[in-house]
Amino acid sequence: NGALTFTVQNKTTGKYLTADGKLSDKAVEITLDKFTKKDGIYVLEFTDVALGEYEVNETNSDLAGYTLKSTSVTNGTKKVESGKQAVIELKDEYAQNVGSIQITKTIDGLNITEEEFNGAIKFTIMNEAGEYLNAKGETSKEKVEITLKEFTKQTDGTYVLTINGVETGNYKVTETNAAVTGYDLEGTSKTSGEAAVMTGKTATVELKNVYTEQKGDLKITKTVDAENVTEAELNGALTFTVQNKTTGKYL
4 NGALTFTVQN KTTGKYLTAD GKLSDKAVEI TLDKFTKKDG IYVLEFTDVA LGEYEVNETN
64 SDLAGYTLKS TSVTNGTKKV ESGKQAVIEL KDEYAQNVGS IQITKTIDGL NITEEEFNGA
124 IKFTIMNEAG EYLNAKGETS KEKVEITLKE FTKQTDGTYV LTINGVETGN YKVTETNAAV
184 TGYDLEGTSK TSGEAAVMTG KTATVELKNV YTEQKGDLKI TKTVDAENVT EAELNGALTF
244 TVQNKTTGKY L
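Using the working numbering, you'd call the opening residue of the sequence shown number 4 and step up by one each time.
Simulated from the structure, these hints should not be mistaken for laboratory data. Some clues are possibly wrong.
As the list claims (entries may be wrong) - In silico lysine-lysine, PhoX-like type, Cα no more than 20 Å apart, as pairs:
{"no.": "1", "residue 1": "Lys41", "residue 2": "Lys94"}
{"no.": "2", "residue 1": "Lys193", "residue 2": "Lys144"}
{"no.": "3", "residue 1": "Lys25", "residue 2": "Lys82"}
{"no.": "4", "residue 1": "Lys204", "residue 2": "Lys139"}
{"no.": "5", "residue 1": "Lys175", "residue 2": "Lys204"}
{"no.": "6", "residue 1": "Lys211", "residue 2": "Lys156"}
{"no.": "7", "residue 1": "Lys139", "residue 2": "Lys175"}
Using the sequences and the hints given, assemble the complete structure.
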């Protein structure tokens, strides 16, 4: 209502019309909220105006986040004749300013299953308005977390998520959970980043997690109570397996 403004001038007399039909020697900008919306079209009518040729100019067509298309009609001229109504038709066609955001995630030092990994690491993408972006580019005021399973794993082992059709502006990507059972996240990791999405371009945020596997010591004691059994016999008779039940690996 405040973004679009217009002037209406009688080119014959040089006078300008205000929104309520009064005359002015100086240009008067009329805002869209002075129009009446009918069936999706904004209409402003003047009655009993002086005869002559009238010109309507849209003095401001700028809308934040949008570009005015060249097919738009932002000015027009018509002659008002006695007893008749002259109609000047204007039309604004806008294209939303959108680009793409790409997140690349590099993981070092992690040896867990793909199933565990897909649910372990999560991200949020937030715009300047405090809204969250999902993997499809849809915004929400409620917190939305994106998991690594929504990324595509590249041949070099990195994970990439590209979201197209994103409204231009500044975005912040935050890894909300980097904790993986059995691993420590190193201080050299990068778990957040910012990028500016511009029209027709791809903004990239690069994140990296460096993990160190947590380790400890294992000691096995075995007591054998058997008479007349030699050490040599015991060494070959008794056998053992040692398995990490968490990973399934054997030592």
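Evaluation of the provided hints:
For the given pair, Lys41 sits about 15 Å from Lys94 by alpha-carbon distance, which is consistent with the 20 Å threshold. Between Lys193 and Lys144 the CA atoms are separated by roughly 26 Å; this puts the pair beyond 20 Å, and the hint is violated. A distance of roughly 18 Å separates the Cα atoms of Lys25 and Lys82; the hinted pair therefore holds under the 20 Å criterion. Proximity of Lys204 to Lys139 is assessed by CA-CA distance (about 17 Å); at most 20 Å being required, the pair is judged to hold.
In summary, the hint linking Lys175 to Lys204 is supported, as the alpha carbons are separated by about 17 Å, within the 20 Å threshold. With a C-alpha separation of about 14 Å, the suggested pair Lys211 and Lys156 falls inside the 20 Å cut-off, and the hint holds. Taken as a hint, the Lys139 and Lys175 pair is honoured in the structure, with Cα atoms around 16 Å apart against an allowance of 20 Å.
Hint compliance for this structure: hint 2 is the single one not met.
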